[in-house]
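J.: Each chain, written out:
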Amino acid sequence: MIVLEQVSYRYPGTSTWALPTTSLELRPGEVVGVTGANERGKTTLCLVVAGLAPVTIGGELRGDVLVNGRPTVDLAGYELAQRCGVLFDNPAVQLTGLHRTVYEEVAFGPCNLGLPKADVNERTRAALQMLAVEHLAERNPVHLSGGETQLVALAGLLAMRPGHLVLDEPTSRLDPERSLQVADAVARVAGAGVGVLLTTHDEELLARVCGQVMEL
Amino acid sequence: MRLAVAALALIPVAASSLLINLLLPAGGGGLATAVAALLRLIGATLPLTLLFATTDATDLLNDLEERGVGRRAVFVLGAALAAVPRAQARAMDVIEAQRARGLDTEGSWPRRLRGLLPLVTPLVVGSLAEVEDRTLALEVRAFGAPGRRTLLHRLPDNRWQRAARWTMAVLVALGLATRVAGVTGL
Numbered sequence: 000m001i002v003l004e005q006v007s008y009r010y011p012g013t014s015t016w017a018l019p020t021t022s023l024e025l026r027p028g029e030v031v032g033v034t035g036a037n038e039r040g041k042t043t044l045c046l047v048v049a050g051l052a053p054v055t056i057g058g059e060l061r062g063d064v065l066v067n068g069r070p071t072v073d074l075a076g077y078e079l080a081q082r083c084g085v086l087f088d089n090p091a092v093q094l095t096g097l098h099r100t101v102y103e104e105v106a107f108g109p110c111n112l113g114l115p116k117a118d119v120n121e122r123t124r125a126a127l128q129m130l131a132v133e134h135l136a137e138r139n140p141v142h143l144s145g146g147e148t149q150l151v152a153l154a155g156l157l158a159m160r161p162g163h164l165v166l167d168e169p170t171s172r173l174d175p176e177r178s179l180q181v182a183d184a185v186a187r188v189a190g191a192g193v194g195v196l197l198t199t200h201d202e203e204l205l206a207r208v209c210g211q212v213m214e215l
Numbered sequence: 000m001r002l003a004v005a006a007l008a009l010i011p012v013a014a015s016s017l018l019i020n021l022l023l024p025a026g027g028g029g030l031a032t033a034v035a036a037l038l039r040l041i042g043a044t045l046p047l048t049l050l051f052a053t054t055d056a057t058d059l060l061n062d063l064e065e066r067g068v069g070r071r072a073v074f075v076l077g078a079a080l081a082a083v084p085r086a087q088a089r090a091m092d093v094i095e096a097q098r099a100r101g102l103d104t105e106g107s108w109p110r111r112l113r114g115l116l117p118l119v120t121p122l123v124v125g126s127l128a129e130v131e132d133r134t135l136a137l138e139v140r141a142f143g144a145p146g147r148r149t150l151l152h153r154l155p156d157n158r159w160q161r162a163a164r165w166t167m168a169v170l171v172a173l174g175l176a177t178r179v180a181g182v183t184g185l
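Protein sequences appear in the order of chains A and B.
With numbering that gives the first Met the number 0, letter number 93 in the first sequence gets 92, and the count goes up by one each step, no holes.
With numbering that gives the first Met the number 0, letter number 169 in the second sequence gets 168, and the count goes up by one each step, no holes.
These are calculated hints, taken from the structure and not from any lab test.
Warning: the hint list may mix true and false statements.
The calculated label-pair distances, taken between Cβ atoms and stated as ranges, are [unchecked claim]:
hint	chain 1	residue 1	chain 2	residue 2	range
1	A	VAL72	B	ARG66	35 to 43 Å
2	B	ASP55	A	GLY210	26 to 34 Å
3	B	GLU129	A	PRO175	21 to 29 Å
4	A	GLY12	B	ASP132	14 to 22 Å
5	A	HIS142	B	ASP132	49 to 57 Å
6	B	GLY67	A	ASN120	20 to 28 Å
7	A	GLU176	B	LEU115	33 to 41 Å
We put the CB at the ideal spot given by N, CA and C, even for glycine.
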């Protein structure tokens, strides 16, 4: 479970709080939607929940962010990655661009953990299967469509076996059909027990998959 | 294909070398000097051209990592190799976006030059912003984890390949030795 207790955050070198005081809980298998106008701190909330702020990007955090009872500030980046994955709004940036196939791209995270090869393969296949994109396994990631890239980036996160996922505007660059694919994927991921926090302006996505919605 | 491109790229250099040494009074080295300059240029560019004409970049990175080069060094090399096509793709996006706003990128040379500035700024700023996003993306995939990465593929390395490598190393050593000893003039 991820818990934010009276959390606010500001980026390094700034005086204003990018994330105003916020509290929330994200339980296993739950999908929480976050909505709100631009510049209200939705992306910042994603970074804070995942621990990237302040662990990786610095800045000042007030309040507590706990992942399974441990403060995110006490965990290293690679430890956070195994507890909470983040999908950024531009999935193309999330792919390394160094792999010839989608399979290798999805396996990148488990390989980084130094897992045995059999485990890497098992995780990779399971992640592709969960998102129903096994047919993309041998494709070159560079030549995927926007929706496919989004799903492959998500598969790359799932292969890390995180207990939680944070999705920042996952459908903002997609047409309605691809958005529907992502919504189905989110529902499947949550069904597997992963807690999902997603920020979006997409009312249909909120209605389709979110158990609760909070406004920033 | 890459060898053909490299050969094509050498044609204007060869032509200018011949022009300078044969026709212009300031050059004055003659045909032998022109050929020597061209051979030096080929010697400098051929190894890398051959490497990338015959070796897939992913295989090169995998092999380096298998031989103990750190994951960060390998990634930096890979990112550098991927930077050119990535920058090309970004440049095309920027050009299309600016064209849609009415920027002339296909007119006369002076107009094209005037159109460069609005292209360069978003290209550079966008690339810098992307570096930060990519850093975060690596972090969420445990790139900073300690220990060695798992390698999914190991490249075949039979005795003929090993023998070829050793032969080439010996040839390089011999070449250097003869050069130091002054046996060859080039």
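J.: Range first: 35 to 43 Å. Now tell me if the beta carbons of VAL72/A and ARG66/B are that far apart.
T.: holds (37 Å)
J.: Kindly confirm whether 21 to 29 Å is satisfied by the beta carbon distance between GLU129/B and PRO175/A.
T.: holds (28 Å)
J.: Could you say whether the range 20 to 28 Å given as a hint is met by the Cβ separation of GLY67/B and ASN120/A?
T.: holds (24 Å)
J.: Okay, GLU176/A versus LEU115/B on CB: inside 33 to 41 Å?
T.: The hinted range 33 to 41 Å holds for GLU176/A and LEU115/B, with Cβ atoms some 39 Å apart.
J.: Just tell me: holds or violated, for the beta carbon distance of GLY12/A and ASP132/B against 14 to 22 Å?
T.: Holds, at about 18 Å.
J.: Go ahead and decide if the range 26 to 34 Å is satisfied by the Cβ distance of ASP55/B to GLY210/A.
T.: violated (46 Å)
J.: Falls inside 49 to 57 Å, the C-beta gap from HIS142/A to ASP132/B?
T.: violated (21 Å)
Violated hints, listed in ascending order, are 2, 5; each of the other numbered hints is respected by the structure.
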